[in-house]
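Residue numbers (my numbering), protein chains in the order written: chain A, 1 to 174; chain B, 1001 to 1251; chain C, 2001 to 2191.
Check before you lean on any hint, since a few could be wrong.
[Unchecked claim] Label-pair ranges, simulated between beta-carbon atoms: (1) B:Leu-1215 to A:Asp-100: 37 to 45 Å; (2) C:Gln-2077 to B:Gln-1157: 43 to 51 Å; (3) B:Asp-1045 to C:His-2069: 47 to 55 Å; (4) A:Gln-104 to B:Gln-1157: 17 to 25 Å; (5) B:Ala-1033 to A:Lys-16: 36 to 44 Å; (6) A:Asp-88 to C:Asp-2085: 25 to 33 Å; (7) C:His-2069 to B:Asn-1044: 47 to 55 Å; (8) A:Val-26 to C:Asp-2145: 21 to 29 Å; (9) B:Ser-1216 to A:Ser-9: 51 to 59 Å; (10) B:Ser-1198 to A:Asp-100: 32 to 40 Å; (11) C:Ala-2161 to B:Gln-1130: 52 to 60 Å; (12) A:Lys-16 to C:Ser-2089: 28 to 36 Å.
[To be verified] Within a straight-line C-alpha distance of at most 30 Å, the following computed BS3-like cross-link-like pairs (lysine-lysine) qualify: (13) A:Lys-16 to C:Lys-2122; (14) C:Lys-2122 to B:Lys-1055; (15) B:Lys-1055 to C:Lys-2065; (16) C:Lys-2157 to C:Lys-2065; (17) C:Lys-2175 to C:Lys-2131; (18) B:Lys-1055 to C:Lys-2175; (19) A:Lys-16 to C:Lys-2157; (20) A:Lys-7 to B:Lys-1116; (21) C:Lys-2163 to A:Lys-16; (22) A:Lys-16 to C:Lys-2171; (23) C:Lys-2065 to A:Lys-7; (24) B:Lys-1116 to C:Lys-2122; (25) A:Lys-13 to C:Lys-2171; (26) A:Lys-7 to C:Lys-2060; (27) C:Lys-2131 to A:Lys-16; (28) A:Lys-7 to C:Lys-2175; (29) A:Lys-13 to C:Lys-2131; (30) A:Lys-13 to C:Lys-2157; (31) C:Lys-2163 to C:Lys-2176; (32) C:Lys-2131 to A:Lys-7; (33) C:Lys-2175 to A:Lys-16; (34) A:Lys-7 to C:Lys-2122; (35) C:Lys-2065 to A:Lys-16; (36) C:Lys-2149 to A:Lys-16; (37) A:Lys-7 to C:Lys-2176; (38) C:Lys-2122 to A:Lys-13; (39) C:Lys-2065 to B:Lys-1116.
In case anyone wonders, no lab produced these hints; they're calculated from the structure. Where is the CB? At the ideal position from N, CA and C, for every residue including glycine.
The chain contents come next:
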Amino acid sequence: MTITKMKLSDILKQFKYIEPDAEFSVRSRTEILLSPQAAPRTWRSVFTVLHMVETGAAVALAGFFIFILAGSFSPTRSIAPIQYAVIDPAGLHAEAQAIDMQIQLTDVEYPQVTSTAATSTASAAISSAFAGAVAAQPTSSVSVSTLTAAPVVPTSTASTTALSVDQVLQQLSQ
Amino acid sequence: MTVSAMAAIFATIFCVAGFHAPVAHAADCGITASDLDQITAIQNDPSLDASDEIKQELAVRKQLVGVTIICAQQEVQVLQTNLQNVSVESDMRSLQSQMMGDLNESDDFYNTELTKLSVVGIAGTKAIAQEVLAWRANTFIPLNEDINDLVLWNQNQDLFNTAQTRMTQTQQAVSYLEGVAPDADLQAAFNAAQSSFSTAQSENAAAKASLLGNLSPNQTYALIKQSLASLSDTYDNFSTVSALIKKNLPQ
Amino acid sequence: MIDGEEEQLIRSAVGGDSSAFGSLYDRYQPAIYRFILVKVGSREEAEDITHHVFLSAWQKVGTYKHRGHPFSSWLYQIARNMVIDHYRSRKDDVSLDKLDPESSIIPAVAQFDLFTKMQLEKVRRAIAELKTDHQDVIILRFIEDLPLKETAAILKKSEGAIKLAQHRAIKELKKKLGDPEGDDNYENEII
């Protein structure tokens, strides 16, 4: 095997150590498994009919209860149907939760950024200037010193935590 | 719990129609402390003569500064996307447009720095890093915060509109009940809801004025947060009103 | 060859068992993600497309017909199609054979040292410049180490066609990485 083949094959083997971000994987998996599946073709029409029946029954039942409740009110204490919306605890709770979620999201996604304390989340993009920088990279001695015959297995240490833009600039300006 | 873990949980809970990563406010370039240590390693390598040491250190510095600046350009792109996608009130459209212009200028600044990077020496790379850092502190980060405030404020208006609808319905119900079965506790709870909602609306309006008046982004942010806290208080009061109304219903 | 455990998982997942599908997700998601990442070059886009691959698979798994190939073959096919759709839907109509200069996998490879990152990116860019079929062969055969048979099933070609494609793909890749002759005797550093 030539040196060239070993080097290329070594680099290609390194790709296999790339893993997706753990939080993305958890989030994605959860969202997928919570999402509805399409019903199998042979049962689709049956499920559709069952769903229609179920919906119709629910509407009829609601109407029945409203009728019963309305009939049991004394005239001096009845409330018009539209005002039942006010005592809809589920809707009220959902609206309150939405506000609390927005408050928490505000803290998480829009913290006030300072130049030295920026935290990191998103992915970066490299323009063709980067390709130029890579092309300008000295080849022989530096590359040989870092390439080995065996693939380099990456290790997880504190020094592998990605730094923010400002943290890197701070270090490189010194 | 880490920031990113919280972000993951909230994104899951929201389960929006498409799959969206959390909004970015600062970019992760994949550069680690180990990468920066390469510079020290080169400086301390006894096998390198002076000329090779300079060449290698320069190459690494250019790579790192270049990658970082290009990564910073990605922050700009994310902000451009967020700004384009938010639905803003009509009197905020010119501010939105101005911010887009500022983002374009940010991108131009980064491109200029990248062009300079290709022809400098080691001292030049340090100077560029310092220049970009200072520009970000003085110009980009305040712009970033302003844009986040604009996006956040406009997102919150749906919550305020929903709260207004609930306030109107609650008022109708309370007015009616007061006519048939006066309840001091119910009236007090409703007054508290009205008061906290009025406060929330005032703070919301103040946040908008701060945004449009180009005041400090920290001030705008504080007002936005305060308006949400007051809105949350309003809903606590709505819950009390709701419980009292249910109690007053015939059994 | 498919093992008995996977066969059971597939059967359960086809029957709607989300836990079984979750196990299949855990098993294959990293490989699918890598496949997409090498092709699109951006961690964000790779995450988005990977998510949609598995979402689509979950929604359609009820119609999956086990034909003796690993479940991953089906997933790779979905992934290939979604990457093609991804490029088609982009406004600037970037050709699959053209490279997006603004993409990089470097944020996705933070755990490597700087020079390995640079090398991975350089090779990744060169792979992305190849024809789609050659990209796929390189990724499936040389990165994921898939057997010839499975690669042929995924790409819907004969094993002979895959052998020929991989030979041409490697030759072209080496040329792009600085070996103008694509010659096996090339002795200089390519990276």
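Which of the numbered hints are not met once you compare them with the structure shown?
The structure conflicts with hints 1, 5, 6, 10, 15, 20, 23, 26 and 39, although it agrees with all the remaining ones.
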